[in-house]
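Input sequences plus hints: build the corresponding full structure.
Spelled out from the first residue to the last, the chains are:
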Amino acid sequence: MKKNESYEEFIKGLWRDNPVFVQVLGMCPMLAVTNSAINAVAMGGATFFVLVGSSFLVSSFRNLIPKQVRISCFIIIIATFVTIADYSLLALVPTVHKELGAFIPLIVANCLILGRQEAFASRYPTRLAVLDALGMASGFMLALFSLGAVREILGDGALFGIKLFGDNFEPWVIMILPPGGFLTLGVILLFFNWFKHKKDEFLEDVAAAERGGN
Amino acid sequence: MNTDARKETSSPSSIRLVLTLAIAGLISGIAIIGIYESTLPTITANKARELREAVFKVLPGVTQMQALVYRDRELVVVAQPDKDEPVVYGGYDAQGDFVGYAMPAAGPGFQDTIAILYGYKPAQKIVVGMEVLESRETPGLGDKIYKDMDFVGGFSELSVEPEIVAVKKGTKSLPNEIDAITGATISAKAVVRIINEAHTAWDGQLPAPGSEPPYVATEPADNGAGQ
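These protein sequence lines map, in sequence, to chains A and B.
Counting with the numbering used here, you get residues 1 to 214 for the letters of the first sequence.
Counting with the numbering used here, you get residues 1001 to 1227 for the letters of the second sequence.
Worth flagging that the hints you see were computed from the coordinates, not collected in a lab.
None of these values were measured; they are calculated from a predicted model.
Note that the Cβ used here is the ideal one computed from N, Cα and C, for glycine as well.
Take the hints with a grain of salt, since some may be wrong.
[Claimed, not checked] Okay, derived cross-link-like pairs now, DSSO-like style, lysine-lysine, Cα gap no bigger than 27 Å in a straight line:
1) B:K1057 x B:K1125
2) B:K1189 x B:K1168
3) A:K98 x B:K1057
4) B:K1168 x A:K163
5) A:K98 x B:K1189
6) A:K98 x B:K1047
7) A:K163 x B:K1125
8) B:K1047 x B:K1147
9) A:K196 x A:K98
10) B:K1172 x B:K1147
11) B:K1172 x B:K1125
12) A:K163 x B:K1147
13) B:K1083 x B:K1057
14) A:K98 x B:K1147
15) B:K1121 x B:K1047
16) B:K1083 x B:K1047
17) A:K98 x B:K1083
18) B:K1047 x B:K1169
[Said to hold, decoys possible] What the simulated footprint calls covered on chain B by chain A, stretch by stretch (three residues with Cβ under 8 Å from a Cβ of chain A suffice, anywhere in the stretch; the number is not a length):
19) 1016 to 1026
20) 1131 to 1144
Pasting the structure below:
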């Protein structure tokens, strides 16, 4: 039972409560840096590090932080992790840091991260908080990557900078410009909602059939 | 699940609130100083290496460089330029003979400031190389200013007299014309404008060809020679 519960905390972030497609959080980096797959993955990685680190600390200290100043404490913790991520990227992979530019410091303002601290990490034991953060961060990364990949493939005919279609491909330029982010996100959200609707209908049908059978 | 019993009881004193934030701030400060101090050498070294590589790239044949600044109406060699002081890099070959200047320049692009370095030979008044140091141009479009090798390669033997002109791709006919990039015209024109502006600004300050500051021989240091 216990194992199932932890599994559930991890897996919910990937699909059922996906931070981007279901909770619609973290839209700023989602739309801004997903114009190529590599940027999306780097941004996802940085957010992953910050979210997991912050959730771990917030959950560990949840009994020591008075609730009146909890938001300030969360922000201090998050900002520290963001600074660490910022300088590490600058030192280790300057080229990636160059591309992401101002969006790394802006991770502090990503409401997904603060949201998880307030809604989960500050209320649950460390192990569950870390699992929740791992799940949510992976879900966020997955979402960024799917958007980045779609936009790069359609807008530049490439994935991770590798040309896919040869010279005759005419890039759909708008996809790598900001409107492309909105278009792609809209289509993906549409799919998610359609899928959820279908699933609910299916479950209702099953329930109805079972009632009828009895 | 694990409801925090304390939250329901009396509110903590102000001192406790202040202390909590102070301690959190202190720990965070120490962590940030730690990461700053530990990454600073790598970051500085990366930047110096990038600059060095860029200078050697825009000035073919150059193996040594030194920083030059315009002070008291002449171009002088400095070990470490002051912050925000305009600087050019003199490029010299293995014998220490002057080859050309590597000129940093920056200006507005399509999205944000584009910073470039271009190689300039004052004797012939030509641009011999261009390297984008910093740009946030749109990936797939504006970033062709450094990914499109036809465009980057166009900055060789490019005359700055009377000024560089970006023309439609494939229509270059004069020595001061360069083929722009299809789909990235604004960014390409921005690069050309940045070079033209930097050239105008520096033109009066560079010494007459042949009387450039000689190379101050020391072991090749990242920012030019010492005293």
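Checked hints:
About 18 Å separates the Cα atoms of B:K1057 and B:K1125, which keeps this hinted pair within 27 Å; it holds. Under the criterion of a C-alpha separation no larger than 27 Å, the hint pairing B:K1189 with B:K1168 is consistent with the structure, at around 11 Å. The straight-line distance between the Cα atoms of A:K98 and B:K1057 is roughly 20 Å, inside the 27 Å bound, and the hint therefore holds. Of the pairs offered as hints, the one joining B:K1168 and A:K163 holds, with about 25 Å between alpha carbons and a cut-off of 27 Å not exceeded.
The suggested pairing of A:K98 with B:K1189 holds, with an alpha-carbon distance near 22 Å, which does not exceed 27 Å. Proximity of A:K98 to B:K1047 is assessed by CA-CA distance (about 12 Å); at most 27 Å being required, the pair is judged to hold. Only pairs whose Cα atoms come within 27 Å are accepted, and A:K163 paired with B:K1125 is rejected, the gap being roughly 38 Å. With a CA separation close to 20 Å, the supplied pair B:K1047 and B:K1147 stays within the 27 Å bound.
Taking the CA atoms of A:K196 and A:K98, the gap is about 39 Å. The hint is violated against a cut of 27 Å. For the suggested pair B:K1172 and B:K1147, the alpha carbons sit about 20 Å apart, so the restraint of at most 27 Å is met. Straight-line distance between C-alpha atoms of B:K1172 and B:K1125 comes to about 18 Å, which keeps the hinted pair within the 27 Å bound. A hinted pair counts as satisfied when its Cα atoms are at most 27 Å apart, and A:K163 with B:K1147 qualifies at roughly 13 Å.
A C-alpha spacing of about 24 Å is found between B:K1083 and B:K1057, which places the hinted pair at or below 27 Å, so the restraint holds. In summary, the hint linking A:K98 to B:K1147 is supported, as the alpha carbons are separated by about 15 Å, within the 27 Å threshold. Restraint check for B:K1121 and B:K1047: satisfied, since their Cα atoms lie roughly 25 Å apart, inside the 27 Å limit. Between B:K1083 and B:K1047, the direct Cα distance comes to roughly 15 Å. Compliance with the 27 Å bound is thereby established for this hinted pair.
At most 27 Å may separate the alpha-carbon atoms for a hinted pair to count; A:K98 and B:K1083 meet this at roughly 21 Å. A distance of roughly 33 Å separates the Cα atoms of B:K1047 and B:K1169; the hinted pair therefore is violated under the 27 Å criterion. Residues of the stretch 1016 to 1026 of chain B lying with their CB closer than 8 Å to a CB of chain A number 6, which satisfies the three-residue condition for coverage. For the stretch 1131 to 1144 of chain B, the stated coverage by chain A holds: 6 residues have a C-beta nearer than 8 Å to a C-beta of that chain, and at least 3 were required.
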